[in-house]
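2 protein chains.
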Amino acid sequence: MKKLINKPEDVVVEELHGIAAAHPDLVKVYYEPNYIVRADAPVKGKVALVSGGGSGHEPMHGGFVGKGMLDAACPGAVFTSPTPDQMLEATKAVNGGAGVLHIVKNYTGDIMNFEMAAELARGEGIEVEAVVTNDDVAVKDSLYTAGRRGVGITVILEKIAGAAAERGDSLAQVKAIAEQVNAQGRSMGMALTSCTVPQAGKPTFELGDDEMEIGIGIHGEPGRTRLKMKSAHEIVEIMATAVVEDLPYKSGDEVLAFVNGMGGTPLIELYIVYNELYQFLQARGIKIARNLIGSYITSLEMAGCSITLLKLDDQLAALWDAPVKTAGLRWGV
Amino acid sequence: MKKLINKPEDVVVEELHGIAAAHPDLVKVYYEPNYIVRADAPVKGKVALVSGGGSGHEPMHGGFVGKGMLDAACPGAVFTSPTPDQMLEATKAVNGGAGVLHIVKNYTGDIMNFEMAAELARGEGIEVEAVVTNDDVAVKDSLYTAGRRGVGITVILEKIAGAAAERGDSLAQVKAIAEQVNAQGRSMGMALTSCTVPQAGKPTFELGDDEMEIGIGIHGEPGRTRLKMKSAHEIVEIMATAVVEDLPYKSGDEVLAFVNGMGGTPLIELYIVYNELYQFLQARGIKIARNLIGSYITSLEMAGCSITLLKLDDQLAALWDAPVKTAGLRWGV
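Protein chains in written order, with our numbering: chain A, 1 to 333; chain B, 1 to 333.
In short, the hints are calculated from the structure, not lab data.
One or more of the hints may lead you astray.
Claimed, not checked - Restricting the straight-line Cα-Cα distance to at most 25 Å, the calculated cross-link-like pairs of lysine to any residue (SDA-like) are: (1) Lys325(A) with Trp320(B); (2) Lys287(B) with Arg330(B); (3) Lys2(A) with Glu206(B); (4) Lys67(A) with Ala289(B); (5) Lys325(B) with Ile288(A); (6) Lys230(B) with Val12(A); (7) Lys28(B) with Leu120(B); (8) Lys325(A) with Val13(B); (9) Lys140(A) with Glu127(A); (10) Lys202(A) with Met229(B); (11) Lys2(A) with Met1(B); (12) Lys230(A) with Val13(B).
Unchecked claim - Some chain A residues judged to face chain B by a derived CB distance under 7 Å, without partners named: (13) Leu4; (14) Glu58; (15) Lys228; (16) Met229; (17) Pro266; (18) Ile268; (19) Val273; (20) Tyr274; (21) Asn275; (22) Tyr278; (23) Glu301.
The beta carbon of each residue, even a glycine, is placed where N, CA and C say it ideally should be.
When you get a sec, could you build the whole thing from the sequences and use the hints?
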């Protein structure tokens with residue numbers, strides 16, 4: 001295992017020290033329990049958004065804390081759900097009196113812990129709602145999931161729901177928009193290589209020199225199928241077909257297209273994938289009205305990519321365009 | 001070789017198609033010869049900045065074309081200098097009558113071709129000046145370089161000189177600021193893995209499972225030394241010592257600190273490196289006043305990182321903070 005780390009058990013806390021040192025204008029970091037909040041939290045009268053999940057998916061979620069996106073993020077150990085006390089403390093820290101929305105990816109541990117934290121927060125008089133993302137069309141049940149896994153749409157949802165909260169929407173309104181984003185979003189990923197969890201010290205799975213895994217999960221969970229290596233054109237054809245047919249996205253639809261790198265894939269390849277996706281959708285009459293290209297929901301150093309589509313309407317597009325100021329996504333400010 | 005590509009010989013042109021499809025609001029892309037210009041080029045009365053170099057370092061340079069940064073970028077084949085005709089056509093396309101500054105990394109091919117393009121452009125009545133970056137302290141001469149290599153400071157220089165041009169500085173003024181940035185900047189890189197040029201089909205160099213290369217070049221050129229794997233703390237100590245002692249940066253200095261990923265290194269590791277660099281500099285009384293953390297000057301899928309420092313003054317800090325709107329760097333707009 002070759003990584004730019006010190007002791008494997010210190011990876012998350014040292015990363016948090018790095019984030020705290022780098023972005024004091026954006027965030028405050030708390031330890032034991034670990035959570036990251038907006039520098040100006042709590043924002044009085046604003047619905048607060050709290051997300052979280054295992055570390056190793058950076059910039060998600062800590063890199064999305066800031067004006068126009070998340071109020072707090074709870075980083076667990078690598079690929080491990082954060083604990084209810086992290087979520088409870090984060091919820092209390094960002095509660096501005098207008099309620100708190102938990103954004104939860106559909107993994108059994110995350111669901112259970114966020115539910116427990118919500119109960120505890122409600123016991124302290126905080127109004128808490130939750131939205132669960134489950135956009136991954138690859139498989140129905142999985143290693144850590146009942147139902148579909150929550151993946152790329154989570155990034156998009158955090159941006160759009162964050163903008164809704166920022167403009168003053170109520171908790172019910174922010175939740176409804178978040179649910180709409182999840183309902184209109186679909187994703188699928190693939191891997192060229194495995195990744196190595198620092199404390200495990202060896203690759204999560206084995207993949208041959210000429211093989212790839214289609215439908216991979218962001219923790220290396222098995223996908224739909226293992227295939228011999230194919231061209232970018234063929235890979236996009238397989239993934240985009242699965243995504244488009246699932247909702248389905250239809251001719252005349254306008255979408256946000258998100259081409260995501262898994263952590264070890266360079267940008268030059270992501271633009272080649274985007275070019276294939278653009279042509280694939282154009283041939284089907286689906287218009288890309290917004291896009292995001294880069295490594296935003298990663299799996300440590302895994303090489304590979306995922307494709308996420310969100311069917312847009314005018315409101316969702318406007319919320320996507322609204323200013324955002326975080327370490328991971330920034331525009332308009 | 002497992003990559004998200006089609007034919008190796010089509011990598012650059014398909015990447016350009018992807019950029020053109022993704023960012024029509026920011027850039028226009030031209031083919032044969034290949035170059036990328038700001039969507040609103042030429043900007044009348046503004047000094048224009050043109051850079052370029054081999055592909056495989058994305059987002060540099062094409063991802064830095066836009067308001068407040070570059071007017072044009074010329075992408076060569078992977079790790080290969082662009083040709084004089086690319087540079088000449090780009091120079092003509094962005095000339096707004098106030099002169100053109102070529103930003104050239106110190107590699108023999110790039111220098112020679114940019115000089116030829118400048119001569120040709122001058123022959124057509126365009127005022128052209130050039131600045132050469134050579135911030136890499138690792139080695140004196142190298143595989144493709146006489147003198148020091150140009151690396152991470154190039155990204156910072158393109159941002160700062162771009163802001164100077166945007167506020168209306170003259171060609172002489174923009175050139176002087178660019179030269180100041182290069183003179184006050186130093187870098188060093190390291191690799192955990194090699195990378196594979198698509199048309200070569202095999203790794204550029206071999207590195208053992210327990211080895212790393214300190215002082216690596218961005219094309220995989222040999223560095224200072226090959227060592228057994230060390231901790232992030234030790235790696236930063238080696239690189240930051242070489243960087244700090246070279247200028248030297250002294251107690252009381254304010255710097256911009258840039259922790260760059262080589263393409264295959266995930267963000268979680270870059271924040272751990274940043275934390276080490278922050279502590280290293282703090283112990284020496286050097287204050288990080290600005291920072292940049294991410295993969296901005298890459299070497300395909302190479303795992304590793306580089307550290308760049310720029311000694312700041314009030315003007316350079318203000319130019320760094322000025323609005324920028326490109327695919328790779330964006331804030332304030």
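Hints versus structure:
no.: 1; hint: Lys325(A) with Trp320(B); verdict: holds, 17 Å
no.: 2; hint: Lys287(B) with Arg330(B); verdict: holds, 24 Å
no.: 3; hint: Lys2(A) with Glu206(B); verdict: holds, 15 Å
no.: 4; hint: Lys67(A) with Ala289(B); verdict: holds, 21 Å
no.: 5; hint: Lys325(B) with Ile288(A); verdict: holds, 20 Å
no.: 6; hint: Lys230(B) with Val12(A); verdict: holds, 19 Å
no.: 7; hint: Lys28(B) with Leu120(B); verdict: holds, 23 Å
no.: 8; hint: Lys325(A) with Val13(B); verdict: violated, 33 Å
no.: 9; hint: Lys140(A) with Glu127(A); verdict: violated, 32 Å
no.: 10; hint: Lys202(A) with Met229(B); verdict: holds, 16 Å
no.: 11; hint: Lys2(A) with Met1(B); verdict: holds, 20 Å
no.: 12; hint: Lys230(A) with Val13(B); verdict: holds, 19 Å
no.: 13; hint: Leu4; verdict: holds, 4 Å
no.: 14; hint: Glu58; verdict: holds, 4 Å
no.: 15; hint: Lys228; verdict: violated, 11 Å
no.: 16; hint: Met229; verdict: holds, 6 Å
no.: 17; hint: Pro266; verdict: holds, 4 Å
no.: 18; hint: Ile268; verdict: holds, 5 Å
no.: 19; hint: Val273; verdict: holds, 5 Å
no.: 20; hint: Tyr274; verdict: holds, 4 Å
no.: 21; hint: Asn275; verdict: holds, 4 Å
no.: 22; hint: Tyr278; verdict: holds, 4 Å
no.: 23; hint: Glu301; verdict: holds, 5 Å
In terms of the numbered hints stated before, the structure departs from hints 8, 9 and 15, listed from lowest to highest.
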